[in-house]
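Taken in order, these protein sequences are the chains called B and D. Counting in my numbering, the first sequence runs from 1 upward without gaps. Counting in my numbering, the second sequence runs from 1001 upward without gaps.
No lab work stands behind these hints: they were computed from the structure. Ideal Cβ positions, reconstructed from N, Cα and C, are used throughout, including at glycine. Just to be clear, a hint being listed does not mean it is correct.
[What the hints assert, rightly or not] Here are some chain B residues pointing at chain D (derived, C-beta under 7 Å):
#1 A76
#2 A117
#3 S122
[Said to hold, decoys possible] Under the rule of at most 30 Å between Cα atoms (straight-line distance), these lysine-lysine pairs were calculated in the DSSO-like manner:
#4 B:K187 to D:K1102
#5 D:K1024 to B:K148
#6 D:K1005 to B:K9
#7 D:K1275 to D:K1006
#8 B:K109 to B:K9
#9 B:K9 to B:K80
#10 B:K224 to B:K46
#11 B:K218 to D:K1102
[Unchecked claim] Quick list of the computed label-pair ranges, beta carbon to beta carbon:
#12 B:K224 to D:K1275: 22 to 32 Å
#13 D:D1032 to B:G65: 39 to 49 Å
#14 D:E1192 to B:E135: 18 to 28 Å
#15 D:N1272 to B:F63: 40 to 50 Å
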Amino acid sequence: MSKPAVEVKNVSILFNLNKEKIDNIKEYFVKLIKHQLMFTEFWALKDISFTVEKGERLGILGFNGAGKSTLLKTVAGVLKPTKGTVHVEGVIAPLLELGAGFDSNYSGKENIFLYGATMGYSRKYIQERYDEIVEFSELKDFIDVPIKNYSSGMRARLGFAIATAVDPEVLILDEVLSVGDAKFGKKSEAKVRSMFDKGVTVLFVSHNTDQVRRLCDKAIILQKGTIIANGEVNEVCDKYDEMVGKK
Amino acid sequence: MEKIKKYFANAYKYRYLMQEIVRKNVKLQYRDSFLGMLWTFLQPLLTMIILVLIFGTIFGRSSEGVVCYPVYLLTGRLLYEFFTQSTKRAMRSIRNSASVLKKVYVPKYVYPVSNVLSTFVTFTISLSVLVVVMGYFLIKNHFTGAYPDLHLSWYILLCFVPILILCILALGVGLILSVLNVFFKDVEYIYEVVCMMLFYITPIMYSLTTFKKHGMNSSIIRVLMLNPLYSIIEMFRSCVLYCEIWNWSHFAYGLGVSLAVLAIGILVFYKNQDKFILHI
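With the rest of the complex left out, here is chain D (with noise of 0.2 Å):
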């Protein structure tokens, strides 16, 4: 008991340099860029916009869970790009702080927590780019009708419960990757592969309804449900996008899968943190 209550009084103390360091990664992140903090605006809007042009034809035709397609591509793009950033930037934490674990003092996991919160910040700020664009579809709609099932509902105040879950997951990813990548830089580099696997696997530009409808394999639909970014996209996109309460079955299992993989990543992390210090 004592030795829990001692170790929230020195994450107590060492808040402050979790605050240096969110703020830090905030401000340097588009430091020396001309249009500086408006890329976090800029650059998922661009890449939807892309992405629509692409595959705006295959998929966005069928209206079926997708109500419309730009929106359904940005939830789920801005919810992929905020645990993919978060979780690399984690992963090398430890590593690139090496300089300062070397010579004092810290408790290491200010470093991949601090991480995952600036990675936060960012993509709250990105979620600007949601408001715009769906603004502008609300008033196209308005005039023009071409989405009918596009509203806006009270609903969309909870879409703070799926990113604090999605939180949770990318905390506990990002820890147990910052362990690994201690002891193996390898890490890394699987790691961009599995996230490219990510995008595909998980329905940010598709979306599953349509591939049932069509017929894919039940079983193949069976595991890509498994992805807990799945449940939590879903969950985000009940929210925004088709004005209900959730399915309370991805809510489970969105919750549930993200609590376990905290609970496996601060565990990993607190048996091996008193090595690093002779693997970096």
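Next up, chain B with everything else stripped away, as it sits in the complex (with noise of 0.2 Å):
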């Protein structure tokens, strides 16, 4: 039996929340001082634990400010919980938001190598899939302009391409199928199926249930930081439905 693909243990994740954010010196020393460095404190993630297996394909449900993204942010590394250990096997894509890792003032195919160094990628590497990232965000034309000029749609395109062009172990998906064009989102579709056929491993958040049954094997429903149903897709995604039709 090999190591599970992703492997989240007893996960708590605490926020402090403030009234206002306090980020300058004056108002940290008066509020100090006043005793009024109070902070409410909350738990985003309660005591989390699940295990995704290579190759299987998990759906993440839940209203929002259920935690989805919080926990999905922390198997990406970046949130560290509270308590807790997560443990991910392999290269991680996420494709939290795309083309976070873009610089505005640079153009297409300088966003593609300086993208995929912030996911730990060489220049050499990215410059092998080069053409394939182009062909695939149908930016070809453009690839020389500076990004400050693409529209929203395209640098999306771009990001999926070059996320999903860099085969990775583990893929983390926050509704990003919905990137562009109706045209676009069934050819993402289509590609992330690909990616399924080579055994990469899933984690997919959405609100629609019938996407998570069409790509995922297992699903979990998160309600206030806790997972409340773990199982089946079909099983969860009915669970899940109920939830929505009795509110």
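Mind docking these for me? Both chains are given alone in their own frames, and the hints should help you get the complex.
Below you can see the structure in the form of structure tokens.
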């Protein structure tokens, strides 16, 4: 039995919500002296545990504010869990927000290398996949134009093309399949499917149970930071539909 | 032990990102400007000319420890400029890359470190000004004998040592400032003022030797000498201008302070880096 691709063990995340954001010294000292440095403790995730085996595709369902994004950020390594551990085998490609690593003064071409490096890939490695990326993003004519002149759809397409070209072992999808127009949406779903065939492990966040049913084989439902359902995708989606229906 | 090994493996993996950011900063700095990279050369040259015109008559007359005022001024200013620019950029680097740090896992020190490195690259290019100015005055001296103490010596090859020490100092200060700036944005404004103060308390336009000779309060001079930038700049001048090996007390003090500051910087950064994400 090989190691699971993603192993989340008893993860809890605590946020200190202060009423206002304090980011200057004056306010900090004024509040300190007045004893107003009060924080409301907020557990965004409470004792979450699950494992995803290699090649499995897990759908994550839940209402707004249930902790889905926090969970994905924790798996991606952006947030450090307050308690518990997260272990990920292999290279992880977060498609959390496409184009987060772009520099708007840089051209499309230069950004491909910058974004690749942000994910930890060498120039040479990206160079080998450069043509594929450009072709997939359909931006050949604009590749030397600074990104600041791109439309948001063009940016997202470029981001998607780079992130999927690098053969990651674990893919995190946060409602990115709705990128660009319908045509590109179809193309990107096909791309993601072809990656499934290569045995990529997927964490997929969506509100759309149809999409989750189509793409995943297991699912969990998050509510207020805890897992309330975990199992085979159709069962869990049925339950989620029921929850939505009730509201 | 295992943890440290993993840490280095991770740093090794992200060396590409470091390279890309350095490349980006250098490339973007003068993009869209008509003269482009030429500005790294022109900007220090023009500032030097202005400062020489204004202060040359006041501080440049006595040759005591100055040798050739334009070169003296330039050596100090180039190092000062590198130090302040690199620390300022490092200070803003974490905040400026908030959008990346919030979405993707990246070792956070990559940003301050690569900003110091990219400033270092432009700094080495700007050293060409020193070559040109020095060449000009050496030739002038050859024909007119206006600067009898100005020579070129093999010691100039040692000038990488003070530069290296300055890099260590800049990196340490940059790391500390980048952490502070995440929590308190005021630091940016305070540091502007600090940099201006540094320009005046560091012997860039004037020489402490001259001040001493004119009977300046010796306790003030002693305080001014505590500034590690002073030691480093003096070391650099020893190599370039005075044609002698540096004063070893400058070496010990400059290196000691720089290493200590770097150690503090690493510690402060390491202790706080997990909290960045909640503040940016």
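> Is the hint on B:S122 kept, meaning its closest Cβ partner in chain D is under 7 Å away?
Replying inline: 5 Å, holds
> Lying within 18 to 28 Å: is that true of the beta-carbon distance D:E1192 to B:E135?
Replying inline: 47 Å, violated
>> Holds or violated: the 22 to 32 Å window for the beta-carbon distance between B:K224 and D:K1275?
In response: For B:K224 and D:K1275 the Cβ distance comes to about 24 Å; the hint holds.
> Can the restraint linking B:K109 and B:K9 be considered satisfied, given a maximum Cα separation of 30 Å?
Replying inline: 40 Å, violated
> When you check the alpha-carbon spacing of D:K1275 and D:K1006, does it fall within 30 Å?
Replying inline: 21 Å, holds
>> With the threshold set at 30 Å, check whether the alpha-carbon distance from B:K187 to D:K1102 stays at or below it.
In response: Holds, because 28 Å separates the two Cα atoms, which is no more than 30 Å.
> Is the straight-line distance between the alpha-carbon of B:K218 and that of D:K1102 30 Å or less?
Replying inline: 27 Å, holds
> Can the restraint linking D:K1024 and B:K148 be considered satisfied, given a maximum Cα separation of 30 Å?
Replying inline: Holds: D:K1024 and B:K148 sit about 15 Å apart, inside 30 Å.
>> Check the hint pairing B:K224 with B:K46 against an upper bound of 30 Å on the C-alpha distance.
In response: 8 Å, holds
> Honestly, do D:D1032 and B:G65 meet the 39 to 49 Å range at C-beta?
Replying inline: 43 Å, holds
> Within a Cα-Cα threshold of 30 Å, do D:K1005 and B:K9 meet the stated pairing?
Replying inline: 24 Å, holds
>> Given a hint of 40 to 50 Å, does the C-beta separation of D:N1272 and B:F63 actually sit inside it?
In response: 33 Å Cβ-Cβ, so the 40 to 50 Å window is violated.
Violated hints for the displayed structure, listed by number in ascending order: 8, 14 and 15.
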